[in-house]
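Student: Each chain is listed here by its residues.
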Amino acid sequence: MKIGFYPGCSLTGSSREYNESLLAIAKGAGVELCEIEDWSCCGATAAHNLNKELSLSLPARNLALAELENMDELVVPCAACFNRLVMTQHELSEKEDLKKQVSDKLQMPLKNNIKIVNVLQFLEEHIVPRLDQLVKSPLTIDVACYYGCLLVRPQKVMKNERFEDPMLMDVIMQKLGANAIDWPFKTECCGAGFSVSKTEIVGELSGKIVRNATDRGAKAIVVACPMCHSNLDMRRPAINTYLNMKMDIPVIYITQAIALAMGLTPRQAGIQRHFVPVNLTVNR
Amino acid sequence: MSKIGVFICHCGENINATVDCARVAKTAGELEGVEYSIDYKYMCSDPGQTLIKQAIKEKGLTGVVVGSCSPRMHEPTFRKACQEAGLNPFMCEMANLREHCSWVHDKNEATTQKAIDLVRTLVEKVKLNKPLYSIKVPVTKTALVIGGGIAGIQASLDIANAGHQVILVEKDPSIGGHMSQLSETFPTLDCSQCILTPRMVEVAQHPNIKLLTYAELEKLEGSIGNFKATIRKKAKSIDENLCNGCGTCTTKCPTKKIPSEFNTGLGTRTAIYVPFPQAVPNKPVIDKENCSYYQKGKCKVCEKVCPTGAIRFDQEDELVEIEVGAVVIATGFNIMQPSEFPEYGYGKYKDVITGLQFERLASASGPTLGEIRRPSDGKIPEKIVFVACAGSRDPAKGIPYCSKICCMYTAKHAMLYQHKVHHGKSYIFYMDIRAAGKNYEEFVRRAIVDDEVNYIRGRVSKIYEENGKLIVRGVDTLLNAKPVEIEADMVVLASAAIANPGAEELAQKMHVSYDSYHFFSEAHPKLKPVETNTAGIFLAGACQAPKDIPETVSQASGAASKAIILFSKDELSRDPLIAVVNRSPAPVFSTCVGCFMCASACPYQAIGEELITNRQGKVIKKVAKVNPGLCQGCGTCVAFCRSKSIDIQGYSNEQMCAEVVALLNND
Amino acid sequence: MTEFEPKIIAFVCNWCTYAGADLTGTSRIKYAQNVKIVRFPCTGRIDFMLLLKSFGEGADGIIVSGCHPNDCHYTSGNFHARRRWIMFRGLLDMLGIDVRRIQYSWVSAAEGAKWADIVNSTVNTIRELGPYTEYEKVAGYLEKEAKQ
Amino acid sequence: MVDKEDLSFKVSQITGVNIRECYQCGKCTAGCPVGERMDLRPSVIMRMLQSEDAALEEEILRSKSIWLCLTCETCYSRCPMELDIPKVFDYLRGKSYSEGKVNSESRDIVSFHKSFLNAVERNGRLHEMSLILDYKIHTWNLFQDVVLAPEMYSKGKLSILPERIKDRKGLARLFKYQFKKRKS
Amino acid sequence: MNELIKKAVALLESDSVQVIIGYAEGTGTRTRAIFITRTADCENLIFDSRCVQNLAVYLTKSEIKKLGKPAIVAPIPVLRSILQLAVENQITENDLVVLGITPQSELVDFESFAAIEAFLSTHQIVIEEKYQETIREIKAMPVTERFAYWVKELEPCFKCYACRAACPLCYCTRCTVDNNQPQWISVASHPLGNLEWHIMRAMHLAGRCTDCEACYNACPMSIPIHLLTKNMLQDVTENFGTYGPSLDKLNTLSSFKPDDKESFIR
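Protein chains in written order, with our numbering: chain A, 1 to 284; chain B, 1 to 667; chain C, 1 to 148; chain D, 1 to 184; chain E, 1 to 266.
Okay, chain A solo, but in the shape it has when bound (with noise of 0.2 Å):
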């Protein structure tokens, strides 16, 4: 079986430290990963805002490239990549004849049939199964799992069966000899796509996510999503202005937790590229 991978630009610039835990932890598990050939930008909310032809015909891109290179699943850790790449395979499988213009104006057959997976949809069944071998310190700490919008919603295509309390990062948590704690502000969106031009928002909606998660006695908040670790993380003075008091949570990746756990350094996790400094020795 062959297991495609689209890292996206995130995974390259900004969230250097997903891509890095996330091979860290295929490698050390034995699964290879192969990133598409020559892949492009999906587009990101930019294009779906503007440009619905480009909403589609960019994602569609990469996944004909997958096609071509015969992957049967691909991999696509950035939440938001994620999302634009499984709607636009749903739109096109819906109508046929939008598909064929977009096959054409790729000059590349498009048969979107290519299983898409998230983060945690890989993890669940290439990683978690192996994880009884593979964890050699387990985490200790009482950690808030944080989905964001775009792995459960909209529902009726992404197919969660419980999308106002997801549980499938909480349960590979709790493998990896953490405690999840179970808090409301799962789902709820972090400010998305307005880190930059709408800060002040982010430093809102990321606030309360913050502030319920520590107030529930959290010591660290997972994500599986490049934006909502940007905001959470990276955007946490806006957050400190909004709740005006510091707060020290640390927020890391899933792929991160699992590389810790399975006895790689901080280093080779990308801790240190985090703004908001990471301790996860504090015991339970």
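Be aware that one or more of the hints could be misleading.
Simulated pairs of lysine to any residue, SDA-like, Cα-Cα distance not exceeding 25 Å [stated by the list, open to error]:
#1 B/K397 to D/K87
#2 D/K87 to A/V86
#3 A/K95 to D/G170
Pair ranges (Cβ atoms, derived) [what the hints assert, rightly or not]:
#4 D/S154 to B/D432: 56 to 62 Å
#5 E/A114 to B/K80: 52 to 58 Å
#6 D/Y23 to B/K469: 25 to 31 Å
#7 A/E94 to B/H422: 53 to 59 Å
#8 B/T613 to E/Y149: 49 to 55 Å
#9 B/K469 to E/K257: 50 to 56 Å
#10 E/Q104 to A/E37: 55 to 61 Å
#11 A/E124 to E/D260: 33 to 39 Å
#12 A/E124 to B/G378: 40 to 46 Å
#13 D/G16 to B/V201: 58 to 64 Å
In case anyone wonders, no lab produced these hints; they're calculated from the structure.
All C-beta atoms in this analysis are idealised placements derived from N, C-alpha and C, irrespective of residue type, glycine included.
Add chains B, C, D and E to chain A, keeping to what the hints say.
Tutor: Positioned in the frame of chain A, the structure of chains B, C, D and E alone reads:
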């Protein structure tokens, strides 16, 4: 030879405006076997009917075709007219020249030609009609009432008071239903149990009512006037004749932590229990699922303490067969399940409760003795939020309909809360206030104006807990859709009324139809609101659709009166349009080969066996036989029979074939 | 040459579609005259032999209609009918009898407009398919015989 | 002049969302993370579309709300009528943008999106540094985030040189391309 | 098949049965059905691959019934027919002794019909690939061409009803084709009458036919009427799941599921 009379009705101008009635009559008159043909302005009028009657007598007609409106309209009229003139009523057929012709086509040659075709078709059919005679069926004057809530209680008392026997079957250990759980009732705020319990006692003491609690319908066979019901009496594990209801066993039972169904999980009960103090019958049952003896083989405390020796651990379910003439279904409703509200945290947060749970909190007989205390810590909530339409009018949750009772009980809940917690603040999120009923609107206004309940028009999107408060995120659509956040101590969801689990299965057992939400369907939404599609089975209360107490009681009395009307005659007369298995001279006797596939296709189990014996009494053939009391005349067996050995009177193979041939050969 | 007027026979149950067609009338919704109704107690009663007979007698098209699933007055006649139609349709298709010439439908007593729509669309379909000459040729032997 | 086939009709036609199904319960607004900040809240916009009033429709296209929407889909996931409000907003944004009706206070959001697409058009992948520079030039918002950049760089989160894809010709084709327009 | 002969002798000697229905040498290389009432004739019994006639047809014939209780030599197609006849209330377990024969030509005893069903569950009806192919080809024809094909195929039929006589499931006292009130189908062997007859025959076998091919083997004109029933068999499997006679399953057409799927009802 056939002597058919054809009578073409103009229906004023209704038919004649587009169909040339005179020509239809004239053309029909030329058909072979037609003795007499005429058109007339109003065939259903007295003179019109006289025309038919006279023709029957004077011309010696053997069959009649009336070309007029739909047979669904006037077939009984014209058949009766024929009968009065001495012609067997089943020798009369109708051609539908109005609904199926003149009203749906423009005036032209093709329309008249179609009318001629329709008349010719029915003429060919009627030539093959045979005189038929109504079937008389005796009536068993006992009613089966299923469900012992207020609907079943009312229906039982009405039928019993009319002098007929009633068997009331209730699945729980006590009758009383949801009404017994309610605190006070809108719009008068009288205590629910105070008005209900006298009725419950009346049922128990009525000489004409036989009460079977802890029992369920297992099977229903037969048809109107003569049903045979099998009732499963679940083992109560006590001898009811010996038990005197002293209650020693329930106080001594060591298993005490079972969530009480009656108190909607807000209180507990023992394994041997009486659901509530006023229960009828006031005798306990053992809940086998939770009893230590049944589960682990040890205990028997109840047996030791019982002064009359009434405990029977070895009791088994008992099946009893009863014969009844009518059935009233009064199985009530249920409320939507907690798992359906993930965004409201129901099931996750203890202080998010349903309206029914609030009823128990507000009830003087409830777990808090009528004080409004929240389930998590027993504190009196200072701020309480009611959410109307929790599930109702919500297609995404599978319930597009309005549950009808929530607007009123939510107003009542807020009112009761304000009466009991004077300094408290209450909020109701609502979409519309539906208060159509006597004194209902006034009641809601009182809640708003006098009791200062805050009505906020908008739905709640999410409820979550933060710092010990329930944060309710809603909206006020009347303030330019301003988002509203309330920090509440308790939230009450007016969760949707849904059909009882098992309603579908019960409907199938009784062959009554049900809607897509599993509420039982009435025979006609306007004119037959208490009848079902199955004759002799009637509906009462919320099993048909959500409804409040006054409406339920009215419908129950309606259903009861339908049963009483049925019982007012000693025998029923039914149309003889039923299936028959053919008979032929020896040695064939019948062309039926006895494969009995018709029997498995019959929806009414109306097909049985008949043994054909020779003179020495030796069985020479086993063939199918239709029970005329059970057959409803659908004809499924007829279409299925390979050798055409079974046929249906009034729609026989010959008749239908003749119609097809006549209809298609018009040149 | 006059336009081809399809001859269409409709087999309907008394409780749903017949009543639905009555409602079409009461609602004064117009439809083509080509379709003529034969009333049956239930779709369960509609024998496949009658459908066959109809083609033999020169029908260009057939409509078979009854209560929606779960709405049958006799609770299950329409379910039996549906199975029979599935099998019959498969057989006819195998034999090259044009299944497009038989329109099956569920029309309830409340669906007056749907009945008109079924009638009109069936008439249009049959109009497009033209007279059922292939079958007529086969059935024609009968007439020839009769004439001889 | 009121065009009977105007906005609400087109919305329904193109998005497949039947505006008439909205019964104004407000659950979308109640759950919207930016509902407080919106000038026209989701349920109000739905109501305005139902009105078929050209003046109100114009107001929608010029509103801040459509640009404030985060497309978090919370409204859609909880809507009792299962109306895809985000899809409606997508359409409204597209229309507002193409007709030059973007609210002046929302131009920074649009500028950001434009800068983003510019950056992608150049290289095929997003180069965050270029994006931020481009955005700053277009909005004259030169000092925003000035503190973040050095730290990002020091943590290895900003690369100076962009990554470029090989098939830039194919990419250019996509950027030029417009779907065959439906009859409008 | 000495074992078979021994068994037959024993059955007749003990008077457990009065007649053995089996196969014997016929003219030329063909085999024929024999009805043995005397032990002496038992040695005529044979069984080999040439014995393809479906003997179950005799179980419902009154002439055979008169001879007394039968034992029947039953290879797989016969076993299937026996089971279907049992389902249709035409025979009971006490009415006959079944001398089952496996595909390896071994003799098996069956205590009950249920045992036959259990045995047959490991020998499901399978439509051979060559027939599937032919059916696919026919169905691929344009509809008018397909109709013409069948009209032509059915043309040689002269309504000898050998197909009916050979079919174990055509046991009606009076066939509908012989019913003239009403005249359901044209009796003459012209194209319409032939078409109607074969449609009716196939429909009457819907969900019942056990694919023994006796009809086709009996047809003097070798009309491929078995393709019609094989096609129906495929339709049954496709639409309603598994196929084959079963004691506790209701017949395909006299039963239903509320969620039966179709795509053609509007």
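Student: Taking the hints in turn, state whether each one holds.
Tutor: Do the hints match the structure? See the list:
1. B/K397 to D/K87: Holds, at about 21 Å.
2. D/K87 to A/V86: With a Cα-Cα distance of about 15 Å, the restraint between D/K87 and A/V86 holds, given a limit of 25 Å.
3. A/K95 to D/G170: The hint holds at about 23 Å.
4. D/S154 to B/D432: 56 to 62 Å: holds, 59 Å
5. E/A114 to B/K80: 52 to 58 Å: holds, 56 Å
6. D/Y23 to B/K469: 25 to 31 Å: holds, 30 Å
7. A/E94 to B/H422: 53 to 59 Å: Holds - the Cβ-Cβ distance for A/E94 and B/H422, about 58 Å, lies within 53 to 59 Å.
8. B/T613 to E/Y149: 49 to 55 Å: holds, 51 Å
9. B/K469 to E/K257: 50 to 56 Å: 52 Å Cβ-Cβ, so the 50 to 56 Å window holds.
10. E/Q104 to A/E37: 55 to 61 Å: holds, 58 Å
11. A/E124 to E/D260: 33 to 39 Å: holds, 37 Å
12. A/E124 to B/G378: 40 to 46 Å: Since the Cβ atoms of A/E124 and B/G378 sit about 42 Å apart, the hinted range of 40 to 46 Å holds.
13. D/G16 to B/V201: 58 to 64 Å: Taking Cβ atoms as reference, D/G16 and B/V201 lie about 60 Å apart, which means the hint holds.
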